[in-house]
Amino acid sequence: MHSAATAYPEALPLPADNPFATRWETPFRLPPFAAIRPEHIRAAFDAALAKHRDEIAAIVANPAAPDFVNTVEALERAGRALSRVGGVFYNLAGADTNEALQAIEREIAPVTSRHWSAIMMDEALFAQVDAVHAKRDELGLNAEQARLLERTHKGFVRAGARLGPADKQRLAAINERLAALGTQFSQNVLKDESAYALFIADESGLAGLPGFLKAAMARAAADRGRPGQHAVTLSRSIIEPFLTFSTRRDLREEAFIAWSRRGENGGESDNRGIVAEMVSLRAEKAKLLGYPTFAHFKLDDAMAKTPEHVRDLLELVWKPAKARAAREAADLAALAQDEGENGPIRPWDWRHYAEKVRQKTYALDEAVLKPYLQLDRVRQAAFDVAGKLFGLSFAERPELAGYHPDVRIFEVTETATGRHIGLFLGDYFARSSKRSGAWMSAFRGQRKLDGEVRPLIVNVCNFAKPAEGKPALLSLDDARTLFHEFGHALHGLLSDVTYGSLAGTSVARDFVELPSQLYEHWFLTREVMRQYCLHAETGEPIPEALIEKIEKAQTFNQGFATVEYTSSALVDLAFHSLEAPAEVDPLAFEAAELQRLGMPAEITMRHRTPHFTHVFSGDGYSAGYYSYLWSEVMDADAFNAFIETGDVFSAEVAGKLKRYIYSAGDTRDAAEAYTLFRGRLPTPDALLEKRGLAA
Numbered sequence: 014m015h016s017a018a019t020a021y022p023e024a025l026p027l028p029a030d031n032p033f034a035t036r037w038e039t040p041f042r043l044p045p046f047a048a049i050r051p052e053h054i055r056a057a058f059d060a061a062l063a064k065h066r067d068e069i070a071a072i073v074a075n076p077a078a079p080d081f082v083n084t085v086e087a088l089e090r091a092g093r094a095l096s097r098v099g100g101v102f103y104n105l106a107g108a109d110t111n112e113a114l115q116a117i118e119r120e121i122a123p124v125t126s127r128h129w130s131a132i133m134m135d136e137a138l139f140a141q142v143d144a145v146h147a148k149r150d151e152l153g154l155n156a157e158q159a160r161l162l163e164r165t166h167k168g169f170v171r172a173g174a175r176l177g178p179a180d181k182q183r184l185a186a187i188n189e190r191l192a193a194l195g196t197q198f199s200q201n202v203l204k205d206e207s208a209y210a211l212f213i214a215d216e217s218g219l220a221g222l223p224g225f226l227k228a229a230m231a232r233a234a235a236d237r238g239r240p241g242q243h244a245v246t247l248s249r250s251i252i253e254p255f256l257t258f259s260t261r262r263d264l265r266e267e268a269f270i271a272w273s274r275r276g277e278n279g280g281e282s283d284n285r286g287i288v289a290e291m292v293s294l295r296a297e298k299a300k301l302l303g304y305p306t307f308a309h310f311k312l313d314d315a316m317a318k319t320p321e322h323v324r325d326l327l328e329l330v331w332k333p334a335k336a337r338a339a340r341e342a343a344d345l346a347a348l349a350q351d352e353g354e355n356g357p358i359r360p361w362d363w364r365h366y367a368e369k370v371r372q373k374t375y376a377l378d379e380a381v382l383k384p385y386l387q388l389d390r391v392r393q394a395a396f397d398v399a400g401k402l403f404g405l406s407f408a409e410r411p412e413l414a415g416y417h418p419d420v421r422i423f424e425v426t427e428t429a430t431g432r433h434i435g436l437f438l439g440d441y442f443a444r445s446s447k448r449s450g451a452w453m454s455a456f457r458g459q460r461k462l463d464g465e466v467r468p469l470i471v472n473v474c475n476f477a478k479p480a481e482g483k484p485a486l487l488s489l490d491d492a493r494t495l496f497h498e499f500g501h502a503l504h505g506l507l508s509d510v511t512y513g514s515l516a517g518t519s520v521a522r523d524f525v526e527l528p529s530q531l532y533e534h535w536f537l538t539r540e541v542m543r544q545y546c547l548h549a550e551t552g553e554p555i556p557e558a559l560i561e562k563i564e565k566a567q568t569f570n571q572g573f574a575t576v577e578y579t580s581s582a583l584v585d586l587a588f589h590s591l592e593a594p595a596e597v598d599p600l601a602f603e604a605a606e607l608q609r610l611g612m613p614a615e616i617t618m619r620h621r622t623p624h625f626t627h628v629f630s631g632d633g634y635s636a637g638y639y640s641y642l643w644s645e646v647m648d649a650d651a652f653n654a655f656i657e658t659g660d661v662f663s664a665e666v667a668g669k670l671k672r673y674i675y676s677a678g679d680t681r682d683a684a685e686a687y688t689l690f691r692g693r694l695p696t697p698d699a700l701l702e703k704r705g706l707a708a
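The opening position of the sequence shown corresponds to residue 14 in my numbering, with each subsequent residue numbered one higher.
Rather than coming from a laboratory, the hints here were simulated on the basis of the structure. Being a predicted model, the structure only gives us computed values, none of them experimental. Take the hints with a grain of salt, since some may be wrong.
As the list claims (entries may be wrong) - For each label pair, taking beta carbons as the anchor points, the in silico distance ranges come out as: (1) R50 to D378: 45 to 51 Å; (2) K332 to E685: 28 to 34 Å; (3) P51 to A156: 29 to 35 Å; (4) E481 to E354: 37 to 43 Å; (5) N83 to D236: 51 to 57 Å; (6) A156 to N83: 20 to 26 Å; (7) G221 to T658: 42 to 48 Å.
Said to hold, decoys possible - Restricting the straight-line Cα-Cα distance to at most 20 Å, the calculated cross-link-like pairs of lysine to aspartate or glutamate (EDC-like) are: (8) K167 to E157; (9) K373 to D344; (10) K461 to E86; (11) K369 to E379; (12) K148 to E86; (13) K167 to D80; (14) K369 to E253; (15) K300 to E592; (16) K401 to E657; (17) K300 to E290; (18) K300 to D313.
A virtual CB, placed ideally from N, CA and C, is assigned to each residue, including glycine.
Use the sequences and the hints to build the structure in full.
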């Protein structure tokens with residue numbers, strides 16, 4: 014056994030060959046990825062859970078009267094070993110998984126759920142928190158301490174601390190089952206995604222495809238053991254451009270249907286039964302906690318507060334978006350007819366004809382644009398914008414090893430002082446061991462309690478990997494995704510709070526997308542595009558005429574994009590607004606809700622229910638997918654604060670943005686934070702204008 018376990022709270026009493034047995038003396042205390050094996054993780058989880066239970070027991074056993082330090086701060090200190098193990102494990106499970114890790118994920122989900130239920134429903138522990146909360150006004154707490162006490166107390170109440178014994182037992186059982194179901198849901202989606210490939214062996218199947226896409230598909234086929242062929246995979250960076258450029262309608266249909274039907278193919282990876290059970294259990298959970306529906310429960314702790322507020326916003330954009338989409342569909346149908354295609358536009362046709370209309374209307378060709386969007390240069394642009402706005406510098410540290418050879422690691426410092434801010438890990442390429450989508454996460458969060466701890470932040474994307482020696486080229490959408498996720502990364506890196514549970518992105522779910530969506534705006538500024546969009550082969554800067562086309566095309570296809578997104582948010586809200594969902598048939602419910610909304614037949618939801626991981630692989634965005642639109646109301650208004658000064662890098666506005674939004678974590682209410690930055694709350698006007706939906 015290792016004695017370090019007593020010296021450092023994150024070290025565990027494990028055999029010395031387990032990396033979690035000691036404090037990591039690596040540079041920046043980066044996880045020693047090469048040394049960590051799945052068997053280490055399972056043993057470390059068991060030891061960390063036991064250690065956390067002991068730490069909680071010590072808080073409860075303390076004979077002194079409960080106060081802020083011995084109860085609330087003690088809770089903050091407890092569980093550091095568990096955070097370290099979880100930080101490594103959950104990131105690997107999402108970004109570089111394998112069968113051994115997936116087995117641990119299935120085993121550990123109900124175990125950790127039981128663990129947290131036991132803590133949050135511990136009567137004696139809650140009595141101590143409640144006692145401190147009751148005398149909060151007499152304790153002389155500073156603003157951050159008062160916020161931590163408020164959030165801690167509310168967390169216990171929302172977790173069932175006030176329920177009777179039988180209800181506590183039932184709630185714990187529901188949570189445990191939901192944890193297991195959420196894990197299974199995401200593993201099923203990954204299974205369907207990685208199992209599918211449409212192999213194209215002859216030249217006729219490549220009709221219409223640009224060089225960059227053929228290269229990505231050739232690499233994907235080679236990775237799957239079919240060198241010399243081309244593969245359409247369900248990674249967005251391949252399937253979306255394939256649907257856009259392929260002139261083979263039959264192949265577009267085949268690929269689109271596979272993409273659309275992830276999670277509903279029958280057999281072991283089918284998610285329909287999981288969705289039905291989760292919706293029912295969530296409704297029961299809400300009832301136990303005193304809320305009419307799960308949406309009421311979730312939104313009570315969000316900026317929106319009520320399902321009615323959310324529905325109002327979604328329906329405000331739904332009507333003009335649908336009208337706009339109908340006009341767009343008519344344009345596409347007219348073009349298709351000109352080409353001799355007389356049938357109605359189908360979902361697998363939309364991207365194809367939309368690209369042709371875009372080229373015709375704006376002369377903006379994705380294949381012409383793409384060579385100007387090199388991954389390395391777009392990432393450098395994201396770094397340099399952070400330098401101008403927030404005074405940060407980024408230096409690659411090639412000697413540091415990530416969890417996969419594709420991972421690049423950068424040290425982030427404060428330019429003026431050289432002070433270390435954190436590490437940023439970039440993991441950009443699609444692979445079968447990675448779940449789809451793009452996200453930001455932390456291997457370690459920031460805190461100042463018991464000494465400064467700086468964050469280790471990761472961005473994970475699924476861009477198509479280029480051929481050896483060639484630059485990775487992005488679509489405009491990919492480039493915005495990179496900036497979006499980097500906005501989240503900055504929210505984690507710039508965090509400057511005392512208490513870890515209030516740090517970084519630990520904010521209301523419908524506020525967390527503000528820093529990311531706002532950051533996207535800078536990529537599309539002329540200042541950034543002129544400097545960083547250089548042609549991959551000639552090195553020439555992007556022509557002014559092409560920038561103008563991009564600007565003009567910003568509201569192009571926004572009816573489609575808004576309908577695709579808003580329908581997903583409305584279906585999510587509808588599922589979680591059910592009061593007593595006995596036996597829900599997810600697909601029938603989805604279809605009925607879409608019919609009620611008058612969903613255009615030419616468009617499908619951005620995320621259909623059986624693969625809607627935002628909502629069903631855990632609790633994240635359940636009853637909360639609307640958050641992107643809620644945050645967009647703020648991001649459109651917030652960027653206007655810079656526009657109004659005439660300088661998109663205004664130091665004064667950036668200073669306020671950093672202080673009240675990016676660095677502040679959850680130290681104050683979201684509406685108050687936004688008002689301190691902007692002087693008022695936003696209205697949806699800027700959003701409607703940005704999407705081209707204003708009357």
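Taking the hints in turn, this is what the structure says about them:
no., hint, result
1, R50 to D378: 45 to 51 Å, "48 Å, holds"
2, K332 to E685: 28 to 34 Å, "31 Å, holds"
3, P51 to A156: 29 to 35 Å, "43 Å, violated"
4, E481 to E354: 37 to 43 Å, "39 Å, holds"
5, N83 to D236: 51 to 57 Å, "55 Å, holds"
6, A156 to N83: 20 to 26 Å, "21 Å, holds"
7, G221 to T658: 42 to 48 Å, "45 Å, holds"
8, K167 to E157, "15 Å, holds"
9, K373 to D344, "11 Å, holds"
10, K461 to E86, "12 Å, holds"
11, K369 to E379, "10 Å, holds"
12, K148 to E86, "16 Å, holds"
13, K167 to D80, "17 Å, holds"
14, K369 to E253, "14 Å, holds"
15, K300 to E592, "8 Å, holds"
16, K401 to E657, "18 Å, holds"
17, K300 to E290, "16 Å, holds"
18, K300 to D313, "14 Å, holds"
Going through the hint list in order, the structure does not satisfy hint 3, though it satisfies all others.
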